[in-house]
Amino acid sequence: MANNKRYWTGLDDLHQTEAFQNLQGQEFPQHQAMDEALGDESLTSATTGRRDFLKFMGFSLAAATLAACETPVVKSIPYTNKPEEVTPGVANYYASTYYNGQDYVNVMVKTREGRPIFIKSNTSTGVGHANVRVNASVMGLYDSARLQGPHLEGSGSSWDKVDAKLAQAMAQDGRKVVLTNTVLSPSLQRSIDTFCQVHGAEHLQLDAVSHSAIREAAEEHVGSKGFPAFDFASASTVVTVGADFLGTWADAAYYASEWIKGRQPESRDMSKLHAFETVMSMTGSNADTRTMVRPSDHGKVLVALHGAIAGTGETGGLEGPLLVAVQNAAKDLKAAGPRGLVVAGVNDLDAQRVAAAINTALGADGTTVKYNGEGLLAGDDKAFAQLVADMNKGDVAALILHGTNPAYHAAQKDAFRTGLAKVPFSLSTAGLADESAARCTAMAPDHHWLESWMDLRIGGTRIDLGQPTIQPLFDTRAAGESFMAWAGQAVSGYDLVRLTHNPRYTSAGMYNDSEWNSALHDGFYMTGGDMPDSAVALGLDIAPSIARLKSIKGGGMELALYQKQTMGSGDQAGNPMLQETPDPISKVTWDNYVTMARTDMESMGLNTYIAQRDKASVVKVTVDGEPIELPAFMQPGQTPGTIGIALGYGRGDGGENIGKAAYATDEDGGHLQTGEGKPMPIGANVFGWATMQDGTPRYDVHDVTVEVTDKEYPLAATQIQNTVMDRGSVVKETDYTSYLSEADKAKGRASWNKNHTLAVHEDVNGDGIIDAQDSKKTSAFDLWKSHPVEGIGHRWGMTIDLTTCTGCSACVTACHIENNVPVVGKDEVRRHRDMHWMRIDRYYASDWSQERGAEEGVGVIASYTKMEDPSANPQTVHMPMMCQHCNHAPCETVCPVAATTHSNEGLNQMTYNRCIGTRYCANNCPYKVRRFNWFNYQGYAKFQNINPSQDSLTRLVLNPDVTVRARGVIEKCSMCVQRIQEGKLNAKKAGAPIVDGTVATACAEACPTHAITFGDLNDDQSKVRTNANNNRSYHALEEVGVQPNIFYMTKVRNTESNES
Amino acid sequence: MQREAAIREPLILGHKTYKDITDDVVGPIMGPAPLGWKIMITISSLIAVYGVGCILYLLGTGIGVWGLNKTVDWAWDITNFVWWVGIGHAGTLISAVLLLFRQKWRMAINRSAEAMTIFAVIMAAVFPGIHMGRIWVSYWVLPLPNQFGSLWVNFNSPLLWDVFAISTYFSVSLVFWYIGLIPDFATIRDRVTGPWQKRVYSFLSFGWSGRAKHWTRFEEVSLVLAGIATPLVFSVHSIVSMDFATSVIPGWHTTIFPPYFVSGAVFSGFAMVQTLLLIMRKGMKLENYIHVKHVEYMNIVIIVTGSIVGVAYLTELFISWYSGVEYESYAFINRASGPYSWAYWIMMSCNVISPQLYWFKKIRRSLVATFVLSIVVNIGMWFERYVIIVTSLHRDYLPSSWGEFHATSIDIGIFIGTIGIFLTLFLGFARFFPVLALNELKTILKSSGESYKNEQAK
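Residue numbers (the working numbering), protein chains in the order written: chain A, 1 to 1060; chain B, 1 to 458.
The hints are simulated quantities; they were obtained by calculation from the structure and are not laboratory data. For glycine and all other residues, C-beta sits at the position ideal for the given N, C-alpha and C. Wrong hints could be hidden among the right ones.
As the list claims (entries may be wrong) - Here are the computed distance ranges between Cβ atoms for each label pair:
| # | chain 1 | residue 1 | chain 2 | residue 2 | range |
| --- | --- | --- | --- | --- | --- |
| 1 | B | S341 | A | T709 | 30 to 40 Å |
| 2 | B | V175 | A | S952 | 55 to 65 Å |
| 3 | A | L54 | B | I179 | 55 to 65 Å |
| 4 | B | W359 | A | N765 | 49 to 59 Å |
| 5 | B | P145 | A | S952 | 40 to 50 Å |
| 6 | A | T709 | B | R431 | 52 to 62 Å |
| 7 | B | V175 | A | D666 | 48 to 58 Å |
| 8 | B | I353 | A | G857 | 24 to 34 Å |
| 9 | A | S871 | B | I43 | 52 to 62 Å |
| 10 | A | V764 | B | I179 | 53 to 63 Å |
| 11 | B | I375 | A | N765 | 51 to 61 Å |
| 12 | B | V49 | A | K711 | 36 to 46 Å |
| 13 | A | D666 | B | S171 | 47 to 57 Å |
As the list claims (entries may be wrong) - Calculated Cβ distances over 12 Å to all of chain A for the following chain B residues:
| # | residue |
| --- | --- |
| 14 | P34 |
| 15 | V52 |
| 16 | I63 |
| 17 | I122 |
| 18 | R134 |
| 19 | I182 |
| 20 | D190 |
| 21 | T193 |
| 22 | K198 |
| 23 | S209 |
| 24 | S366 |
| 25 | F371 |
| 26 | W402 |
| 27 | K442 |
Input sequences plus hints: build the corresponding full structure.
Set out below in structure tokens:
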């Protein structure tokens, strides 16, 4: 056969066609089909038919549609040139200093990938401790309301134009004034001085809340200017007359951390605090003895105190229990002698002179009071009053504002506003277009403090430094730099600071200046030289002061203007974290109100109970014919016959852009509108009600009228039950004498902290009889096998000392910021849906108890109802409460999907990803610390003006180490597990065990009084273990048997035993 | 053939013949829908649609549209759940327990009682689903092998027990109900003429031919299923009660809960059967099958279970005082005198006092009184769950966390909506299903006695 092949490559091969044979001979066929096809002329004349067209169209459309369906890509761009210090995922800390005219604190700024996200105290410097306002101030950096560049006449401009306009204005005749808050920065002072010199301007200072009387009294007393330095740490008896030195008075951030040093029961030398005050303040709530005083009697209390100490027998016209309270305080002060300390809050020269005289009489000058000429609070109210008068006369040619907002916080704010309109050129360096800046000709925004170089000197030989932690976000310019530029001496902000302290400084040497670098690392340096000695008292003639103070007459209803711990003087009104942090006393968030005594409210027929649907009654308060309507809030401890209103509210009354959170929101999250269509401010501005006395504002009014209106207003409080209902295992407290008498007893033995035991039907004590004496500790009873946490590996735990907790709430904001806890706004808080992982329970004492009910023949049910009412002037307990990390956690057993589990280090862990949101765990938590994500807080319209994560700029403050929780899951305190993990990794890298104190939760770190201690309970040497073994420590709700890893320590009040 | 003492009231009145029974039950299915039925199903389905709308809004927005808060994390959701599960108790009790006890009177009511059970359990199942924060991952409560790692459910959690208890109860009830329906579907199949109806009922009747072998198997299966279902009657609500009993919350942490919940469930279940049947017997002219005797028997069950519930309430009160635990005693003082005492006293009067009226024979045999009281009992039982859940939670251990609960329109809308869905389903059942177990009923038709003999003599 010609063809015996059994396999063919194709039919052509089988039939051996001609074309096949042709091709077979060629290794590289010459004529390729494609060439032929392309060369075919007839193809070019081919038309695409209608159907083909539709097919192509259809295909293209489908292809294009499919291509568009790609999920959005969010690119994360790696560093092209990685900065040397930045390791993604590892935080850097920079020492800096916070100063806003009121709070002065050395801080450490935590930055992640170049973003400052957390502020904590720089504890190594020993000056002050960050409080709630300082912690929360990091939010201000990312406020989208910040000015993004210079403005001229209401619209955006350039620095050149603003500088030119200013130069023009400076050429005019008339007073040219630089008005600032108290300048503590030598560099800023230098630049202002230079500016003033060049342009013939004057520099005036004004504090938001004036403390000028105390400076004036000190000046008369010792002949030198300056704010007295108080030593609260070494004082053994402190008497405060209206000075909230633990909260907002003067340098409170420093005083609080100092005072607490003398409040350790274990030292057996616990200091004592007597408070005389009108409104219940942080200080009053922590006082051992608190006495209610009308504002008009503050001076008389000081007079009587002086009379009792100096032995003149002067009682200031006081009588009855008030006089007895003053005499008791005097007795303690006398016993303390040079370790006594009297501070007075009222901004009244006569009162401050008497207070200074009392300290002198005690011999406290030079011990607890030092006149070192500190620079704090140097505002000059009289000069400001003159300035306002001149502005209104048209005598002021130019006004430059820095760090001050007189159109909001000056007592003469209305006159200032009209005057400002008459000033031809005005300029503000404020970072926000606040009430004053918005009315100025020009706005030349200063850097945020986290973007600035700073040097600060409060007094003595120490300079505190501040450094930028981020490049300026916007086209802003440091104020010092601006002043120098306007003086024609352009210098960078950095060089300005350097040159102030080292005239030989050149930029060439900046990298190898080790002294400077270490100072910057530490956050401060000492200039050398001796501290100025406490000046010698010249002696005051206080007789006229006493006469005047005695002659003060009170009115029917008196008003005290006070500051809240959270809002201070109101400069951070747009900070949602601060607005949502409950006031430590009232527990009300997001609002301003009139505090009133129960008796007064009842006689006026006002609502005393505030809850979700129980609204507050609105009252009309009138001062000098000017009415303000505010809701009334029943405040236990409020002096009957007085009312209190907080300063710091009513920001943005002209609808200024000071931040979305500064305005009241409705139930759907939009801003409420005023009649003029502007956003409605929260509360009312009452700075204007300060009584002017010799040109100085005094923050009380001795005669106001309070009228009932028929309006109601919802207030949002995080706590609506005020008393502890006699539940002995929640808060344990004792008095100092009882403590001392049993201070050496073992844990669980002292009468004030007995172990909780349960009777059992077996002969435990071995006396052969089974009776009530046979009992076992609650830990002996358990259904479950114990978690193997004792003695194995780490066992993270915490102790919280109720004696030293002042309720300041610094921990609350620190926790909020560290853990990205959602801010939910007033309407949600009113519905009891605040998300605080960490809260501070505040309990007032009640006059009533079941015991008293039994004695007086009142039934059990009626007694319980009476126990819900706090005393008129109650003792107060602050109890920080967060997840107790129970070793036998009730939440863990009930979760159907095991989303909450116990770690082998004693942590109760919450796995958000696994949570399906049955909320059973939250129900079953005896401490009610679990929080549910009721909405999508990151996207739902209700939270658009409130929640930081809904703002593309503010979102940058979120901590990248902590998940932002989704809608529908439970969240709660994790004991900052991200920090524990970091600490463990660091220890692992170092190849050494974790050193006690290197890992701290945000709350423990933030606590200015070190009431919260965190650590490893399995480490016998750790501080937390020592505290847990202390005989004051106990478990809250011990009898529930959940075995928490958090211990509380019995509160000791420095009072006499009731029985003696 | 059933023998009955002459003195006893017969279970079927009106001298019915076998054909009459078939006509009475199948007739309504074959005839056109009556106007009353059309009106009722329109109203109930509108309510159902509104409820579904509320549910969709809830799912789209978040649990925050309810009135729950950090202190009270369950309220109407779980109240409704327990209430519906409770209602779903009567059906199986009637068909299973009464079958085992050979209570023939059950035959007139068991079909609709079981239908009610099925629908009530469906309504109950809605709530654990929608009350979850993330319903889209609700399948995680099932112990499914998965790729999430070694994730498994938590067998310690009473909520997981609920999942098993409810799903078991639902499937057994459904099977039991369906098995009973098969011969009756076959009867309908044999009568209907429309081609579609014929096809549907043929399918539903699974080829039933009525052979003796089929009947033997039918009865065996019924007995076996009754045996399986009986423990479930007690287990389901015991387990539901453990949602509360195993917790640490004062007012929940109580060992009395399982029996107390089971009797409460039977109590409310019978009340709901009364409510529905009293309407149905009138609307579908079944007065001869469901008559005063049946109502009286059910009322007796209500007295017994209602009294057990009353004793349980008093025992709780006593123990709260006797235990000497301050939290426990306060929880009960607060129930009776606190902000939600109104709910407590509604519960007490509806559940403890109202069933005691049935000791009077006149009331027990009065259809109007029974109808009114059955609704009162169901209101009372809803409040019982509300009281247990809300008043225990709103003031528990730490006074700082004491709060309040206020229902929102969505809370109310979803509850009303489930009633609408339930009624829609039940009306559908009444229209298309044999509402009486007609083949079973034929077994108790009196075939002896004077009237029967007279009939035969003709």
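Discussion item. Tell me the hint numbers this structure goes against, listed in increasing order.
Written reply: 16, 18, 26
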